[in-house]
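With my numbering, letter number 67 in the sequence shown gets 53, and the count goes up by one each step, no holes.
Mixed in with the good hints, there may be bad ones.
[To be verified] Okay, the calculated beta carbon distance ranges per label pair:
1. A120 x R75: 34 to 40 Å
2. E99 x R126: 35 to 41 Å
3. V(-8) x I125: 21 to 27 Å
4. S86 x L121: 38 to 44 Å
These are computed hints drawn from the structure, not numbers from a lab. Built from N, CA and C at the ideal position, the CB exists for glycine as well.
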Amino acid sequence: GDESFVRELRDHAASLGLEGAVRFVGHLGGAAKAAAYAEADVFVLPSDDENFGIAAAEAFAAGLPAILSDRVAVGADAAAAGAGIVVTRDTATLAAAIRSLALDPARRATMAEQGRRLARERFSWETAAARLEALYERIRRTSPDAARAAS
């Protein structure tokens, strides 16, 4: 993310004594990303602009509760499903959300299960394929060309 914002987050984590508990790893892919999800307790995406938030959907599938900024599009879905916390993009609010989950393993576990359910029901390949197939079928049925071909 933005260097100044990342620096602000690092400084805030340090001021709370969390240097050993919080890692800012930057972009990860492949096996490194899967390992990071498996190692994590919470997924945090304090993004300034995410038109969807694929990393959040991946985190839900991996069973991670999420803290998302109010500028991550899947945030509303996450909050409604009980899989995530949506925060404004300021360090105090973000830190409070992280702290609340860090201190509440039962809540993390509940949110993790809700996240897995959300990923399965809304973001899985099977769900996406079924929605796309239904869309194509509606288009086919309502298309003037389809009506002519059927008669």
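Open item on the list: I'd like to know which numbered hints this structure contradicts. Please list them from smallest to largest.
Closed with: Result: hint 3 breaks, nothing else.
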